[in-house]
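There are 2 protein chains.
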Amino acid sequence: MKNTVFLLALLLPIIGIAQKATEDTPLSKITRFHQKHQYALLKEYVEFLSLPNTVNDTASLRVNANFIVAMMKKRGISNARLLSGKSPNAIPAVFGEIKVPNATTTIVFYAHYDGQPVNPDKWAEGLSPFTPQLMTAPLDKGGKMIDFPKENEPLSMDARLYGRASSDDKAGVFSIITAYDALRESGISPTVNVKFFFEGEEEKGSTHLNEILENHKEVLKSDLWIIADGPLHASGRKQIVFGVRGDINLNMTIYGAKRPLHSGNYGNWAPNPAWKLTRLLATMKDDNGRVLVDGFYDDVTPLSKIEREALAAIPDPAAMMQKELAFAQSESTERTYLESITTLPTLNINGIVSANVGKLAANIIPTMATVTLDLRLVKGNDLDKQAQKVINHVKKQGYEVFDREPTDEERLKFPNIATIRLGHGYNAQRTSMDLPIAQKVIKAVQNSTKEKVILMPSAGGSLPLFLFEQILKTPPLTVPVVNYDNNQHGENENLRIGCLFDGIETMAAIMILK
Amino acid sequence: MKNTVFLLALLLPIIGIAQKATEDTPLSKITRFHQKHQYALLKEYVEFLSLPNTVNDTASLRVNANFIVAMMKKRGISNARLLSGKSPNAIPAVFGEIKVPNATTTIVFYAHYDGQPVNPDKWAEGLSPFTPQLMTAPLDKGGKMIDFPKENEPLSMDARLYGRASSDDKAGVFSIITAYDALRESGISPTVNVKFFFEGEEEKGSTHLNEILENHKEVLKSDLWIIADGPLHASGRKQIVFGVRGDINLNMTIYGAKRPLHSGNYGNWAPNPAWKLTRLLATMKDDNGRVLVDGFYDDVTPLSKIEREALAAIPDPAAMMQKELAFAQSESTERTYLESITTLPTLNINGIVSANVGKLAANIIPTMATVTLDLRLVKGNDLDKQAQKVINHVKKQGYEVFDREPTDEERLKFPNIATIRLGHGYNAQRTSMDLPIAQKVIKAVQNSTKEKVILMPSAGGSLPLFLFEQILKTPPLTVPVVNYDNNQHGENENLRIGCLFDGIETMAAIMILK
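So the protein lines, in turn, are chains G and H.
According to numbering that gives the first Met the number 0, the first sequence holds residues 0 to 513 in order.
According to numbering that gives the first Met the number 0, the second sequence holds residues 0 to 513 in order.
Derived by calculation from the structure, the hints in this document are not laboratory data.
Small disclaimer: the values here were computed from a predicted structure and weren't measured.
Hints are not guaranteed to be accurate.
Any copy will do: because identical chains look the same in the list, a pair fits if it lies in one copy or spans two.
Calculated lysine-lysine pairs in the DSS-like style (CA-CA distance at most 27 Å, straight line) [claimed, not checked]: (1) K439 - K513; (2) K388 - K322; (3) K257 - K358; (4) K472 - K384.
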């Protein structure tokens, strides 16, 4: 099998002419481009991955930014430069632009070049975050380490490249700029004006993205953002994700006596905040996962007909996942997995802590009990309003709610006190599938693959995609390029080699959408 | 004030003769004894406290045991010796005996000579666990360090002696043996056969007490045990405590998915064990502190008339404590503080932990949620039966209960799984106030003080006093001698000097009960 690939690789430049008559579409040219330059592209990508890029390593991030500028210039993107925020410690984004004569549409292609922090000790033996290593297959599927192929040696598309940011998200950066390179060398003009925008603080929560967008509104003017981030569907099929959920965290503490009390000398008498908290939380959700907070499901913008149809067409991974995760019953019998994570806000307990348990437990009455809740939001929810519904519910249960520690006087006055502090959060974002430009992107991506593209109305997770709509009045669409089993954020992050080359095709397909 | 005390101390041996006509009771002789020997007694006690005695320091504990034997021999208790358990690592108890001609009653006087572990760094500057230090008053009430008085120099009864075990419980050991010494020197014969029993493993949970009692049943034969441990009432009044609550711990874990899940990608779908646990616990106790577990309050032996009257006569410290502890409402409006801690079993949450909260929280669905409950037991409760009531309640809520981690197959089969593990525990013990010998002890202790003795039907806390009833068929009564604000178990443990000398009188009074 490998030999066949090897022979084909050698023969392609020769048989290319013969195939031209039947196969010479723009995308077949892109395929030929990356097959022809496989060795050089892989070499360049490995060099890119060798640059440390953890999100708090400011100096290294600037090296990465300059490296990207150089890669862009090499590809004929002459206007490549850095876009800064307002704060001096904002890591700049890398920008570039290709103006296309007569194009009436402009698309910004987004990826990020910063990576999650690393703990090299946790990586498997022989692997290291910034010394990329090729393997025959995933580590947990018996993959063996192999040398990088020499020029004209074959390379299996199922091989895995291990290294930090190999998937998240240098693959996005590299696919995008190489897609343009492929079009250029193939003599194909994009049908849209192409802008490039590579962020350097995504893994920190896009701390200064708002500043950069505000600072460069004119430069970033466009009709659509394409976000090349996140993984493909678990089936390996390409997908377009039309939105994300929003998120806000709520930290709540309930109080008992001021100091831990001997459970014998005070038990049955002193109030126990852990009992109070359990009874309070129990009023918030029923046994079938329905949130009982007043109006919790109001405000939700329902899915449109096209979105409902798209959702229904996605294979439901629930049964497979449930088995792997080893539980007998999901939280609710009333909704499917996909409905659960796309169409409804959540009220989730991230954690509860009151004193200690097990061997660390003491026979005491705890002084306080704390819960951290996270509220995922869907389109229509406003983060402050949604959090306020929970606060109102707590008040309705007879609690006096503070946003700080109560004083002794207050503790002596109110039988039930809750301190509630809200975390930083943001709203959901969802781009309508009905938009003409969304329909064009769907068609373009579908054109680049034989399998049916998955159209996901919203991801379950959260990203600050609302910023593009809020600051730039421009809708974003997420088009992932990497394998779902990439160990993103953890140790042994990896990329399926085929995804990098497929990603070039996907991005090129969007640049020539019709 | 101090000068007056000093003068009185000097004059006492002289004016003693004049007072003899009106005051020459057996107890006034005991008072004169300790006033006369104040210097020597304090010196000897300080030497005793200088011996390290933390519960895991086996070698030092043996030094203490031998020191006690020597103190006993010096006092004419010639039969003093060590009683061993069965295990070679059991720390021996110190035993001694005074046989009284014609006495028909035998009382064993119990105290313990081991102390809680120490962290010298936590002790106040200038204080050290095994370098006893005298202070004018408690540290937190502005006490100043003073030198030990020289012979015939006055000593304030309100002075505090700082050091590990100064209160808990070398004061018990020293009061008891010195009480006999005082009787002997005063030419007063005890009215009962006196046995001495000083344990060396109390702070470890009396690990081998059962073995020692079993091994020496005949030697320890008696009609009553007097336990000289724990503090006097907060008012400073003497008290007799007739029982203790039992205790058993129950550790329960509820399960979700096998690994922590992203709360966005799985929220609303994967079961959350923290939600399950809160709803389960909420079924166990109502808003007024009543346990809703079937039959939870069955089996309780009610207080007798005399016990109810004694309880009603005790000043209720609730209002004062509530203010200090800063809470507005106790767990139940249906019972007083004293009723709460003496007459009812408890179901208390010691702690709850599921993942993390606050800054440590992650946006995840936890894999498990654990609660540690402690069940205090009162007379009539059986520990296994009481724990089983809780287990039955959990089953009734639809849970499959295991005493170990569930397997993956079990997780996939049962929607609700709880792993419940019981800790080591023991039953309550309560000696009836109606017993003739109990009535005699009450009378004797009352005879040694002008203030009304507090008769407490049961303490809220737990000690394995059931062992005396179970193994030796002998009732115990607890007669504390030390100040309640002694920082027992913590840093800066201390003894009010007056308590040591009062304690000698209390113990002597019991030795000559009628």
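Item to check | Structure-inconsistent hints, enumerated in ascending order | outcome: 2
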